[in-house]
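Colleague: Given only the sequences and the hints, what does the whole structure look like? Please build it.
Protein chains in written order, with our numbering: chain A, 1 to 343; chain B, 1 to 343.
It is worth saying that the hints were derived from the structure and are not from the lab.
Among the clues, some could well be false.
Given that identical chains are not distinguished, each listed pair holds provided it fits within a single copy or across any two copies.
As the list claims (entries may be wrong) - Keeping only pairs whose Cα atoms sit at most 25 Å apart, straight-line, the calculated SDA-like set for lysine to any residue is:
#, residue 1, residue 2
1, Lys60, Ile252
2, Lys10, Asp143
3, Lys60, Asp8
4, Lys278, Thr263
5, Lys59, Ala275
6, Lys59, Asp289
7, Lys156, Glu83
8, Lys200, Phe181
9, Lys162, Ser86
10, Lys156, Glu49
11, Lys200, Ser237
12, Lys10, Gly217
13, Lys200, Glu308
14, Lys10, Leu48
15, Lys59, Pro9
16, Lys162, Ala90
17, Lys278, Asp143
18, Lys59, Thr257
19, Lys156, Ala94
20, Lys301, Glu138
21, Lys301, Asp289
22, Lys10, Leu140
23, Lys162, Glu308
24, Lys278, Glu199
25, Lys200, Glu251
26, Lys59, Thr124
27, Lys156, Arg294
28, Lys162, Arg91
Number of protein chains: 2
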Amino acid sequence: MTSITSIDPKQFRRALGAFTTGVTVVTTRGVDGTDIGLTANSFNSVSLEPPMVLWSLDKKSSNLQHFMTGDHFAVHILAADQEAISNRFARGGADRFARLEVGRGLGDMPLLDGCATRFQCRTTYRYEGGDHVIFVGEVLEFDGSDRQPLVFHGGKYGLLLKKPTDLEGSDPGFGDDWLGFLLGRAYFQMQIPLRADVEKRGLEDIHYAILSVLGAGEGRSPDEISRLVEITGHRPSEEHFHVLAAKGLVEIRTTETGGVRFTEAGRQYAIQLLAAGKSGEADAVRGLDEQEARLLTILLKRVIRETEVNLPDVWRKENFWREDNIRGARAAAPQPNLENNRS
Amino acid sequence: MTSITSIDPKQFRRALGAFTTGVTVVTTRGVDGTDIGLTANSFNSVSLEPPMVLWSLDKKSSNLQHFMTGDHFAVHILAADQEAISNRFARGGADRFARLEVGRGLGDMPLLDGCATRFQCRTTYRYEGGDHVIFVGEVLEFDGSDRQPLVFHGGKYGLLLKKPTDLEGSDPGFGDDWLGFLLGRAYFQMQIPLRADVEKRGLEDIHYAILSVLGAGEGRSPDEISRLVEITGHRPSEEHFHVLAAKGLVEIRTTETGGVRFTEAGRQYAIQLLAAGKSGEADAVRGLDEQEARLLTILLKRVIRETEVNLPDVWRKENFWREDNIRGARAAAPQPNLENNRS
Numbered sequence: 001m002t003s004i005t006s007i008d009p010k011q012f013r014r015a016l017g018a019f020t021t022g023v024t025v026v027t028t029r030g031v032d033g034t035d036i037g038l039t040a041n042s043f044n045s046v047s048l049e050p051p052m053v054l055w056s057l058d059k060k061s062s063n064l065q066h067f068m069t070g071d072h073f074a075v076h077i078l079a080a081d082q083e084a085i086s087n088r089f090a091r092g093g094a095d096r097f098a099r100l101e102v103g104r105g106l107g108d109m110p111l112l113d114g115c116a117t118r119f120q121c122r123t124t125y126r127y128e129g130g131d132h133v134i135f136v137g138e139v140l141e142f143d144g145s146d147r148q149p150l151v152f153h154g155g156k157y158g159l160l161l162k163k164p165t166d167l168e169g170s171d172p173g174f175g176d177d178w179l180g181f182l183l184g185r186a187y188f189q190m191q192i193p194l195r196a197d198v199e200k201r202g203l204e205d206i207h208y209a210i211l212s213v214l215g216a217g218e219g220r221s222p223d224e225i226s227r228l229v230e231i232t233g234h235r236p237s238e239e240h241f242h243v244l245a246a247k248g249l250v251e252i253r254t255t256e257t258g259g260v261r262f263t264e265a266g267r268q269y270a271i272q273l274l275a276a277g278k279s280g281e282a283d284a285v286r287g288l289d290e291q292e293a294r295l296l297t298i299l300l301k302r303v304i305r306e307t308e309v310n311l312p313d314v315w316r317k318e319n320f321w322r323e324d325n326i327r328g329a330r331a332a333a334p335q336p337n338l339e340n341n342r343s
Numbered sequence: 001m002t003s004i005t006s007i008d009p010k011q012f013r014r015a016l017g018a019f020t021t022g023v024t025v026v027t028t029r030g031v032d033g034t035d036i037g038l039t040a041n042s043f044n045s046v047s048l049e050p051p052m053v054l055w056s057l058d059k060k061s062s063n064l065q066h067f068m069t070g071d072h073f074a075v076h077i078l079a080a081d082q083e084a085i086s087n088r089f090a091r092g093g094a095d096r097f098a099r100l101e102v103g104r105g106l107g108d109m110p111l112l113d114g115c116a117t118r119f120q121c122r123t124t125y126r127y128e129g130g131d132h133v134i135f136v137g138e139v140l141e142f143d144g145s146d147r148q149p150l151v152f153h154g155g156k157y158g159l160l161l162k163k164p165t166d167l168e169g170s171d172p173g174f175g176d177d178w179l180g181f182l183l184g185r186a187y188f189q190m191q192i193p194l195r196a197d198v199e200k201r202g203l204e205d206i207h208y209a210i211l212s213v214l215g216a217g218e219g220r221s222p223d224e225i226s227r228l229v230e231i232t233g234h235r236p237s238e239e240h241f242h243v244l245a246a247k248g249l250v251e252i253r254t255t256e257t258g259g260v261r262f263t264e265a266g267r268q269y270a271i272q273l274l275a276a277g278k279s280g281e282a283d284a285v286r287g288l289d290e291q292e293a294r295l296l297t298i299l300l301k302r303v304i305r306e307t308e309v310n311l312p313d314v315w316r317k318e319n320f321w322r323e324d325n326i327r328g329a330r331a332a333a334p335q336p337n338l339e340n341n342r343s
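Modeller: See the structure below:
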């Protein structure tokens, strides 16, 4: 820590950024009857009985007069998906309420929807606070939801997660937290039910891998497909393709006449496997809430990006997915109900 | 949203919890010369010029007199690893400063170390705020660090992450965000450099899988090992074990006389592979900060826990790791410098 004695406003502002806050939009009915609203993170609770909250506003703000005159204000604690609202009410200029659905509260104040919580207040005190005025209001009405909050820290929006109870300490059963081990284990455990399905058809993992690659786009030669499958450590031979053809799942033509393609039965089977995989995914994320599941996806993508240098060229994004990939067919497949998996 | 007109303090407190905050410890020198400190999340910024902050304290607090009389206070914004400090200063009773290293600030105030940021203030205003007093102080000195913050939301500690810029929108190159695809791809991409190493020895993935299982504990029969390796979709035959024996990496005895074991050369090679894996891991997490990397580990463990029902019994924790696993040898292997991988 380095000590600063003569205080530079910029450095001070930066230091204040170390205190994490939610983000609010404070609204009121303006002196001229217009709707007034602005983004503030200087909100906090004050009193429980009577219920009171506070926030502060720059004395130079063009909105100051409205809050000095008006005797009500509403505080909207924004939800995680309201970053655009936060940005809109932080910008100067144009009508901030344009094209927003606005409700009406006490004193005809504009109320926004979709927030985590809303407080409607009567202004009790206006206090001197240096270059700001501190507004203390008694909460007359409030309404809330369980929405995840928008969070601000260090001048940036953040993502809030419940602090995992398993954050500390290493579970010896998981191989010393080695990422390679965890990734492999998570992947292979998810694959087990799929494998059972594949085995019922008298097929092996390697055939599943071929069908997966085919699902990303048809028309490749067996050799091209084999080079793609190789990333899994399986090296398909001609024989593996012939097994799939014999089971009526694929057709093998020359590359000129179409390469390896699904038969209609093969395509249906691939879609069925995809649906089974999706359903297995729903099981796998049962221990994660919606935000955590999204975050896992994001972190995995970062790992994928960092390790992409290892990839053979055939695996590069632009070479892998083709227009006729079966993901489009997914809509027809049963969708897991992720709603039920939120904890 | 459901509207509440007659305000219940408990419901109001719950609604206030929707506003995320950092956590602070506010300290002062007591009237009797003792050190006073308490946990508060009612902190916020007020003014930039002059630099001012505020926080509020329950009028019923036994600490109130010290802050009403004293003319200085210090606010410590706690870091993510200071949950214990937060709990200690939130509890009543015993000496909260016992066995803490305490520095001295303006007016001989106690200062805590290891915080994200510290503000030393002169009390400027004490304002009426219902059942609380609002303290506004001018910041005379502050010092800060880049420590991640401790965060509070909904009555619980939270974990703050930078909001990923790739949070919205799906990248078509990643197969529609299917977790199975992402896990597999992250895993296999991490494996590629290891595979290259293995191939240099004239071995294949399946041999690597055998050595990995052996690394978790020696003495199993080839059949037991094969059943463990099967999770990867590879089914080792006797021939695969013979190749490893012929290369001088393993010894195959009957289970009674020791089962499959590493030779000294085999053990050294397994340790080398483990080190290579660790180094690949350092590359893989280069796009993640320390907190994100820990979180990825935690989320993967949750997925593993949820999908463990799929596992054959041989894979259960208690059956898998043995006392003689080579992870202990890891200390001797070169460690990747994770410090360099923090963004």
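Colleague: State for each hint whether it applies.
Modeller: Hints and how they fare:
Taking the closest pair of Cα atoms, Lys60 and Ile252 never come within 25 Å of each other, the shortest separation being 74 Å inside a single copy and 82 Å across copies. In this assembly of identical chains, the alpha carbons of Lys10 and Asp143 lie at most 25 Å apart only when taken from different copies (13 Å versus 36 Å within one copy). Proximity of Lys60 and Asp8 under a CA criterion of 25 Å is satisfied intra-copy only: 19 Å inside one chain copy versus 37 Å between copies. For the identical chains of this complex, Lys278 and Thr263 are intra-copy neighbours only, at 22 Å inside a copy versus 43 Å across copies, given an alpha-carbon limit of 25 Å.
In this homomeric assembly, Lys59 and Ala275 never come within 25 Å of each other (Cα to Cα): the closest approach is 58 Å inside a single copy and 60 Å across copies. Taking CA atoms no more than 25 Å apart as the test, Lys59 paired with Asp289 passes in neither setting, with 42 Å inside one copy and 39 Å between copies. Within a single copy, Lys156 and Glu83 get their C-alpha atoms as close as 11 Å, and across copies as close as 23 Å, so both meet the 25 Å cut-off. When the C-alpha separation of Lys200 and Phe181 is checked against a cutoff of 25 Å, the pair qualifies only between copies, where the shortest distance is 22 Å, while the shortest distance within a copy is 28 Å.
For the homomeric pair Lys162 and Ser86, the shortest alpha-carbon distances inside one copy (23 Å) and between copies (17 Å) are both at most 25 Å. In the homo-oligomer, the alpha carbons of Lys156 and Glu49 lie at most 25 Å apart only across protomers (22 Å), although the nearest pairing inside one protomer, at 34 Å, exceeds that limit. Within a single copy, Lys200 and Ser237 get their C-alpha atoms as close as 21 Å, and across copies as close as 22 Å, so both meet the 25 Å cut-off. In this assembly of identical chains, Lys10 and Gly217 lie within 25 Å of each other by CA distance neither inside one copy nor across copies; the values are 54 Å within and 57 Å between.
Proximity of Lys200 and Glu308 under a CA criterion of 25 Å is satisfied inter-copy only: 21 Å between copies versus 34 Å inside one chain copy. In the homo-oligomer, the alpha carbons of Lys10 and Leu48 lie at most 25 Å apart only across protomers (9 Å), although the nearest pairing inside one protomer, at 34 Å, exceeds that limit. In the homo-oligomer, the alpha carbons of Lys59 and Pro9 lie at most 25 Å apart inside one protomer (16 Å), although the nearest pairing across protomers, at 32 Å, exceeds that limit. Taking the shortest alpha-carbon separations for Lys162 and Ala90, only the inter-copy value of 20 Å comes in at or below 25 Å, while the best intra-copy value is 27 Å.
For the identical chains of this complex, Lys278 and Asp143 are neighbours neither inside a copy (37 Å) nor across copies (50 Å), given an alpha-carbon limit of 25 Å. For the identical chains of this complex, Lys59 and Thr257 are neighbours neither inside a copy (75 Å) nor across copies (84 Å), given an alpha-carbon limit of 25 Å. In this assembly of identical chains, Lys156 and Ala94 lie within 25 Å of each other by CA distance solely inside one copy; the values are 23 Å within and 39 Å between copies. Taking the closest pair of Cα atoms, Lys301 and Glu138 never come within 25 Å of each other, the shortest separation being 47 Å inside a single copy and 45 Å across copies.
Taking the shortest alpha-carbon separations for Lys301 and Asp289, both the intra-copy value of 19 Å and the inter-copy value of 14 Å come in at or below 25 Å. When the C-alpha separation of Lys10 and Leu140 is checked against a cutoff of 25 Å, the pair qualifies only between copies, where the shortest distance is 15 Å, while the shortest distance within a copy is 37 Å. Taking CA atoms no more than 25 Å apart as the test, Lys162 paired with Glu308 passes between copies only; the shortest distance there is 23 Å, against 31 Å inside one copy. Proximity of Lys278 to Glu199 under the C-alpha cut-off of 25 Å is restricted to the intra-copy arrangement: shortest distance 18 Å within a copy versus 34 Å between copies.
Proximity of Lys200 and Glu251 under a CA criterion of 25 Å is satisfied intra-copy only: 21 Å inside one chain copy versus 36 Å between copies. Proximity of Lys59 to Thr124 under the C-alpha cut-off of 25 Å is found in both arrangements, the shortest distances being 18 Å within a copy and 18 Å between copies. Proximity of Lys156 to Arg294 under the C-alpha cut-off of 25 Å is found in both arrangements, the shortest distances being 19 Å within a copy and 21 Å between copies. Taking CA atoms no more than 25 Å apart as the test, Lys162 paired with Arg91 passes between copies only; the shortest distance there is 22 Å, against 31 Å inside one copy.
Hint compliance for this structure: hints 1, 5, 6, 12, 17, 18, 20 are broken, all remaining hints hold.
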